[in-house]
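All chains, please: the whole structure from these sequences, using the hints.
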Amino acid sequence: MTDTATPATGGIGDAPVRKEDAKLVTGQTTWTDNIAFPGMTYMAVLRSPMAHAKINSVDVSAALEQPGVLAAFSGADLADEWAGPLPCAWPVTPDMVHPDHWPIAKDEARYVGDAVAVVVARDRFAAADALEHIAVDYEPLDAVVDMEAAIADGAALVHGDHGTNTTYTWPFSNGDVDEAFNGAHKVVTRRFINQRLIPNAIEPRAVVVAPIAAANEFTMYTATQVPHILRLMLALTTGVPESKLRVIAPDVGGGFGSKLNVYAEELMALVLAKRLGRPIKWTETRSEGYQTTIHGRDQIQDVEAAFDEDGRLRGLRVKLLADMGAYLQLVTPGIPILGALMYPAIYKMDAYDFSCTGVFTNKTPTDAYRGAGRPEATYAIERTMDEAAVELGMDPMDLRRRNWITHEEFPFTTIAGMTYDSGNYEAATDKAMELFDYDGMRAEQQRRREAGDRYQLGIGISTYTEACGIAPSRVLGSLDYGAGGWEHATVRMLPSGKVEVVTGLSPHGQGHETTFSQIVADTLGVPFEDVEILHGDTKVAPQGLDTYGSRSLAVGGIAIYKATQRMLDKLKTAAAHMLEASPDDLEFSGGQFSVQGSPDTAMALGNVVLGVFAAHDLPDGYEPTLSAEFTFDPENFSFPHGTHLCAVEVDTETGMPQITKYVAVDDVGNVINPQIVDGQVHGGLAQGIAQALYEEAVYDDAGNLTTGSIVDYYVPGAPDLPEYTTDRTVTPATSNPLGVKGVGEAGTIASTPAVVNAVLDAVRHLGVTDLDMPCSPERVWRALQEGSASRDQVAAQAQGGQHA
Amino acid sequence: MIPAAFDYTRVGSVDEAVQALGQHGEDAKVLAGGHSLIPLLRLRLAFPSVLVDVGRVDEMRGVRDDGDHLVIGAATTHDEVMHDDLVRQHCPVISDVVSQVGDPQVRHRGTFGGGIAHGDPAGDLPALALALDATFVIAGSGGRRDVAASDFFVDYLQTVLGAEDVLVEIKVPKLGSDWGHNYQKFNRVAQAWAIVGSLALVRRSDGSIDEARIGLTHMGSVPLRASATEQALAGASTDVIADACDQAAEGTSPPEDLNARADYRQHLARVLTRRAVEHALGG
Ligand SMILES: Cc1cc2nc3c(=O)[nH]c(=O)nc-3n(C[C@H](O)[C@H](O)[C@H](O)COP(=O)(O)OP(=O)(O)OC[C@H]3O[C@@H](n4cnc5c(N)ncnc54)[C@H](O)[C@@H]3O)c2cc1C
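Chains as they are written, first to last, in this note's numbering: chain R, 1 to 804; chain H, 1001 to 1283.
By construction, these hints were calculated from the structure, which means they are not laboratory data.
Each statement offered as a hint is correct.
Using C-beta positions, here's what the derived DEER-type ranges look like:
| hint | chain 1 | residue 1 | chain 2 | residue 2 | range |
| --- | --- | --- | --- | --- | --- |
| 1 | R | Arg122 | H | Asp1146 | 48 to 54 Å |
| 2 | H | Ala1046 | R | Leu534 | 44 to 50 Å |
| 3 | R | Asp146 | H | Ala1046 | 30 to 36 Å |
| 4 | H | Pro1255 | R | Leu236 | 48 to 54 Å |
| 5 | R | Arg442 | H | Ala1234 | 43 to 49 Å |
| 6 | H | Glu1016 | R | Ala215 | 53 to 59 Å |
| 7 | R | Thr769 | H | Pro1255 | 27 to 33 Å |
| 8 | H | Ala1046 | R | Arg275 | 33 to 39 Å |
| 9 | R | Glu635 | H | Ala1004 | 56 to 62 Å |
| 10 | H | Phe1006 | R | Gly27 | 25 to 31 Å |
| 11 | R | Thr769 | H | Ala1236 | 38 to 44 Å |
| 12 | H | Leu1258 | R | Ala796 | 33 to 39 Å |
Here chain R is said to cover these stretches of chain H; the calculated rule only asks that three of the stretch's residues, wherever they fall, bring their Cβ under 8 Å from a Cβ of chain R:
| hint | stretch |
| --- | --- |
| 13 | 1181-1190 |
| 14 | 1252-1263 |
If we take Cβ atoms under 8 Å as the criterion, some of the chain R residues that face chain H in the derived model are:
| hint | residue |
| --- | --- |
| 15 | Phe125 |
| 16 | Asp129 |
| 17 | Thr285 |
| 18 | Asp712 |
As the structure is a prediction and not an experimental result, all values here were calculated from the model.
The beta carbon of each residue, even a glycine, is placed where N, CA and C say it ideally should be.
So this is what it looks like as structure tokens:
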């Protein structure tokens, strides 16, 4: 980038204090729930206590009698308000079963938490109390909770009129799979359960709608990742013209995909604000959110991998069942498809066969949760590599080396048809193994095994890659996604020399204001503090496709970089005129334009800006506004990769696993802000480890969410998580001019298999061959009991043989 | 997660509290730190119409020296108990166990007496009080009475406290320096309740064990003592620890939940009790 102009802190590669932090740590944030308007009213939603029931009648009359209650409606009462059902933007196959999903159930409730009626009152307490006065006559229907039961003959149907619980089947195949398996020396067959998870953004969902009734105009404040997508969808579902809707994502406290959606409550709040002509607020409680905010994962993965005798991977077969829940939310069906092309991961093979069947069950809908499809794929392939190493009698790292794409082979088109632009798996792995002291740890493991130590040591590996920077609009189109993936930016110079940057991204904790300020400051040679990033308001930033899929830097950041370059070009033309030189002879550095060869003929950027603002003397035809735009649509995803190594100690008496060492060497290309990248990796690791050891959304047979509150659903906190050793290798992406890759999801994608591989490695010699996630102490203990029972049996048989 | 409406009254003395409870009967509830009661209200699992806040009753706060005993005011917060000099000097086991209750926020609001009065067998304090043979001073319409810990816990979330009773203070014996202690709290995340806990108080002399008192957390509908293990350890040499602790789950019928089925809880009780006894002996 530029040289002397780079501010001491705040340029590319620096780690200035995040711009966001001061207001966050002093509580001067504007969360949606903090927003107040005169005459505010409050919405509360009555939810089905049954997983599946016919709604015979809903009587709201007693609720209307309650003090402070302004309105109460059933689903039937509001049926005419909707211009369309809740949207699903990803019809993955032409014949996908796509039942209507209304914001409030009209005649049937299909999961515990499905909205059945809604109340508006003068305060949130009156609204909550009024719910107890709504009488609903439910007629229980059979619920189907388990995916395999749902696709069995004679299963109860979630959507009776569609005649099936199968949503779709999505196939992919490349290469001669039969040949790969028939000629194999060894076929490794495994089933993995990728359990259902509940995203836990620290800020619950909340929405406020402020109407200007006379003008039929509405402003919605909502805790969302996607104000732009939401505005369009609100228009399509409520009939309010898009041009009359302003959507603002104020300070948003985390999302992890759970706020990448269009939710029933957002539609209800808009429609009720319109009907009542009053501002309206709804904030979910944590346990309400557990039932109604989308869940993640929930797949059954059947994997077969065929190997030659020397460990060469010949082919891979993957069959998935993916739980959709009761309805299709915004991108529900596409989540497993985001993973479909990543099962081959970093490995070369002759053939790959994949199919995914989406399944309806009477549970909360699933959708994107940090990594969305790719953590599932990575878990399956990285667990399979460790299992194959055992069956082949090889070191699990040697088996990976035997099969991975070497750094000389990039760009490399995988068997799944993805073209990885760059990577260096050897470098990341070498660094990780050194930091981890791999050989030393293996020796320690051996020592403990021989000593029969109460605390056995296991080592787990994950050499992951992922595809992110959700964009290439063409690729998204080829996967039948309903929109593109470009991103837009505007850069404006203010007369005082300050810079305003408008982005269509919608940050919710990532530190975009800091990272993007660094890019702009570095490019224009202005102080980091002089750059202001505007976002999250469709009136301020009318064009954009929001934040998810680790796309912000690799797509939106590049749009900003390119728009800034355009701004520089525009300034250069004016500067050349002012310096009476040809633009080709101008140099820009240190925030100054100067004429090549005569450094004294120079002009500071701020003076050029002022000159353009005054517009007294500009080249003919030069438009005197300093605004530059760019819309970026990359041609490829970015492919971060890395090697994670995890050591777990298992207390063989209690089954308790504990991570004692965790090394993550990630290659996310060039780094704009190392501290923010480390933060993303740390948080990602926490959520991946959480899946491996702690979290699971459990339903009982009747479809009740047993882990219904944060007391029962184990979100680990800082005291539960290990110290991380993080480091990087840098192999720039070639698909964008900054050479950056996404980092938001990498830690989550990588870590889960590393941890589970380590737990199994610690106890495999004790007869444990399989463990489901989360590897709770009770699960590990039971596996150890069964393991020792089967070892005793083997020993007894061996003895019996001697006697015979 | 929004409670039904209720009235609130703050009282300044134990007598006022008893009076207020007498006035409202079954509809009233004592409010101390609110860290168990408020969640119940928010889940709409309890519907008292009046909360009687005892949080600022001076005579229910603080720790005092009473000869052979310490007297802990029921409304003393966990954090105050944990850092109290008398407690640390004469009964450090209390400080140790209380330091494992929840997290700092919970310990700054929740009270020692509340943790006992709530009668939750998964709480850490009931087993502690039981193992200490604590005595509870209860004020009611008929005056004050002493109840032994062994008589206090009736069933899950049920104690001998009646609707008009206030737990005023808790008397615990001072333990001499010949007592060792250890609490093994087994849980999956740091701020969670115990899946199982085992508290060992052991008095040793000359290489043998004089007396052992073992309290079990979350092994039944009430806190329990591991009596068989206590008997096997009394007057025995340290060689018998493993065998004695194998009896720690005798007579228990522990609850089942997502973290543990009954047989696993019983297994944990045995392992944790052995570890607690070994650590209490300085092992
Ligand atoms: C997140 C969280 C984690 C926790 N983790 C743990 C843990 O690990 N271990 C643990 O032991 N506890 C834990 N607790 C509970 C905590 O210790 C509570 O403080 C305690 O159980 C109740 O004390 P309180 O003062 O808050 O009582 P309150 O909630 O005010 O009252 C609880 C019950 O006791 C009654 N009561 C209270 N005081 C009196 C009195 N003086 N006389 C008569 N009745 C009375 C009330 O009427 C009510 O029925 C946790 C709580 C939370 C919120």
